[in-house]
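J.: Mind docking chain F with the ligands on chain E? Use the hints.
Protein sequences appear in the order of chains E and F.
Sequential numbering from 306 applies to the first sequence in our numbering.
Sequential numbering from 2 applies to the second sequence in our numbering.
Everything labelled a hint here was simulated from the structure, so no lab data went into it.
Virtual Cβ for every residue (Gly too), placed ideally from N, Cα, C.
Take the hints with a grain of salt, since some may be wrong.
Reference listing, derived: stretches of chain F covered by chain E, where coverage requires no fewer than 3 residues with Cβ under 8 Å from a Cβ of chain E [unchecked claim]: (1) 36–43; (2) 56–68; (3) 130–143; (4) 207–221.
Taking lysine-lysine and the DSS-like style, the derived pairs with C-alpha atoms no more than 30 Å apart in a straight line are [what the hints assert, rightly or not]: (5) K332/E x K493/E; (6) K68/F x K754/E; (7) K719/E x K171/F; (8) K664/E x K702/E; (9) K71/F x K719/E; (10) K664/E x K312/E; (11) K702/E x K71/F; (12) K363/E x K493/E.
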Amino acid sequence: MAKVEFKVPTVGEYLTTPDLQPGVMAKSAPFKAAPRHQQALGFPGELVEDWEQRAVAKLAELLKKYRSLRVHLDACVKCGSCADKCHYFLGTGDPKNMPVARQDLLRSIYRRHFTLAGKLFPRLVGARDLDPSVLEEWYSYFHQCSQCRRCSVFCPYGIDTAEISMAAREILDEIGVGQKYCNEILGKVHTLGNNLGLPPPALANTLEGLEEDVKEDTGVEVRFPLDVQGAEVLLIPPSADFFAEPHIDGLIGYAKVFHQAGVSWTLSSYASEAANFALFIGNYEQMRKVALRIRKAAIDLKVKRIIVGECGHAWRVAYSFWNTLAGPFDFLDPRYPVPQHIIEFTHDLIERGAIKLDKEANDQMRVTFHDSCNVARATRMGARPGGQFVLPREVIKASCNHFFDMAPETIGEKTFCCGGGGGLLTDELLELRVKGALPRMQALREVQKEHGVTHMAAICAICKSQFSKVLPYYEFPMETIVSVHQLVSNAIQLGTNS
Amino acid sequence: MPIMTVIYALLLYGASAVFVLGVSYRVFAYARTPAPLKIPTMPAPVTRTGVVFRVAREVTLFESLFKSSKWTWIFAVMFHLGLLLEVLRHLRYFIQPVWFWVVLVQPFGIYGGMVMVAGLLGLLGRRLLIARVRYISQPSDYLMLLLLLGIGLSGLAITFLDHTDIVSFKAFVLGLLYFDWQPLPDSPLLLAHLSMVVALLIVFPFSKLLHAPGVFFSPTRNQVDDARERRHLAPWAAQLEGAGDEV
Ligand code: HEM
Ligand code: SF4
Ligand code: SF4
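One chain only, chain E, in its complex shape (with noise of 0.2 Å):
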């Protein structure tokens, strides 16, 4: 592959909106998907022929089946108030990243087959025909949408960008075009059980790696379990729990905490992955089948619980989505929430002063933390609204003595995206995601000058690994990003209460 040349944007004094640039980032655009990686999904292979009549049909199917797009396409006043909003509008200046362009790309042909005015007066609505040129404008900016809502927030109506681009994906999907980051990603799930392809001997093998280093390291015999029937807690991470810096700090946290509790737990080889791509590509059948394989796992394993760990969208598909997707739960001890996360697991044995943290083991360290946008904006931990902001800062400072938040406007439900997110975490989008992070590195610059901050903290998955790459195209070292549990794994004193 070429190597993309880009200008990293200048981290200024302040966050600035940009003048418009069109067009340029025109060029952004996935790879797409190899036919087998569409067929195992039951999409077509390449672009249909009657591919104009298949997308508005399936935009039909859409507008039947969910209210969201039908409200979000009619409700628009065009007020703006959103465009302004968008890390990708922010970082890029081209100006169909602006959420309400973005959502113009797919309104304009709602309009023209959906709506009397744009049948009768195409050219005063804004509406066009679908033709080649609709179609890649689709494929570019679809996949210049993280699916932050961010937008959202911010929009009089809700109207969300991430739920149009869902659907623009679904109807690209259904036409033949797919994006080959997600589709190819989504089979390993439906056929390994999760998105690394790592098959289960593989799996049992890193995780007696992972004890072996614990007990040189603590010398405490912490157990990494797979597959034990009747385990209290099932444990689904993001796979990449099991093998990248930062995140296997994270999953060595988690197994310290369950030791320390003294509650037992396992991993699933057949169900090895909280990741759901399915949400990306707006599928929701394919959504299904991911998480009815969780379903499965529980139930085979006999557990009474299922904690998931540190991933923002699989956080927002297991608490917003699993219920409807693949519950009742009923088979699991109902004195818990299902499903929980582990920070909310660790924040309750911390309140209840069932472990013990040594802040003092993260001296060294100056924290922040970057609220992910999906838990942010799209779940909740904990009984209270705004748990989800409460309970990881809670968790943190009781980790570490020297804790420091960002800006206001860059945290907490205003939360800027990583750049990473909603499928576009793949090296030919590294352009779009090192602009993306803009508004975030600008707000570190800020801590970083203000406090003296020197790592931030995070609880998504696709966050820590877009922030792994991009952190170095803003003179930030990689190891900046942290893992929340990986500062719980550094301040847990084990062996203290058992």
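T.: Below, chain F with the ligands without anything else, positioned relative to chain E:
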């Protein structure tokens, strides 16, 4: 009966019918279309009552818009509040005797008209001057603002310049309501004002003015955050179950 009276009577009947039927049709379609997944923009209320308050805040305070852009919010509130006051003020043409509170809003109503026009000018200025907003504007977006400005300005002109015989205008309106037609006062400004109102009623169900009913149906705003507690299943999604792939 003057020909103008007949034409305008028929136009107003027709436009009202288009408005009522058109909006009902859209609302019915929104209500009937399922929302298969829980997608409230979080943090969201965890109870129904909480959601009622959330939507009420969006409708009355434009809460999300306030988070986003203070200038747009100010102009939007000026326009919509002005419009609301004007609509309430216009109730006096439709009821006899005029209700007490409608009498009370009369003096505010006239400021409503001015505030509405000022808000509209602000919104139009934004649309013309800010490159981002200009980029996303279609001709219909400008026309909509011009139409509303036209209604507002012709209304103000009637009040301040024209002194149309509002007693006979009220007789005309009541005549329409009771199917006992009375002559429409013969004033070009009034005819212009009414023509634009007719146009507004007709375009309403086919345009972005659907944001008014739409705001109540947006799943990101009207869903309760209770996915873990209550199973949410759309009828079409329920049909996928029992297909043999469950455990
Ligand atoms: C439930 C009632 C309504 C709510 C909550 C509502 C809310 C809003 C909001 C938040 C905006 C965005 C800000 C702006 O651009 O002004 C807006 C825009 C607009 N509204 Fe409404 N609205 C309602 C009813 C109406 C009605 C009845 C009309 C007209 C007859 C109307 C006409 C408009 C127009 C034309 C715009 C676009 C303004 C522009 O071009 O900038 N709205 N509305
Ligand atoms: S969902 Fe996120 S990435 Fe997509 S348009 Fe909205 S702000 Fe941009
Ligand atoms: S904020 Fe909402 S209504 Fe306004 S332009 Fe964006 S999507 Fe449209």
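J.: Each of the hints needs a verdict: does it hold here or not?
T.: Each hint, compared with the structure:
no., hint, result
1, 36–43, "holds (count 7)"
2, 56–68, "holds (count 5)"
3, 130–143, "holds (count 11)"
4, 207–221, "holds (count 11)"
5, K332/E x K493/E, "29 Å, holds"
6, K68/F x K754/E, "27 Å, holds"
7, K719/E x K171/F, "51 Å, violated"
8, K664/E x K702/E, "8 Å, holds"
9, K71/F x K719/E, "16 Å, holds"
10, K664/E x K312/E, "40 Å, violated"
11, K702/E x K71/F, "35 Å, violated"
12, K363/E x K493/E, "26 Å, holds"
Going through the hint list in order, the structure does not satisfy hints 7, 10, 11.
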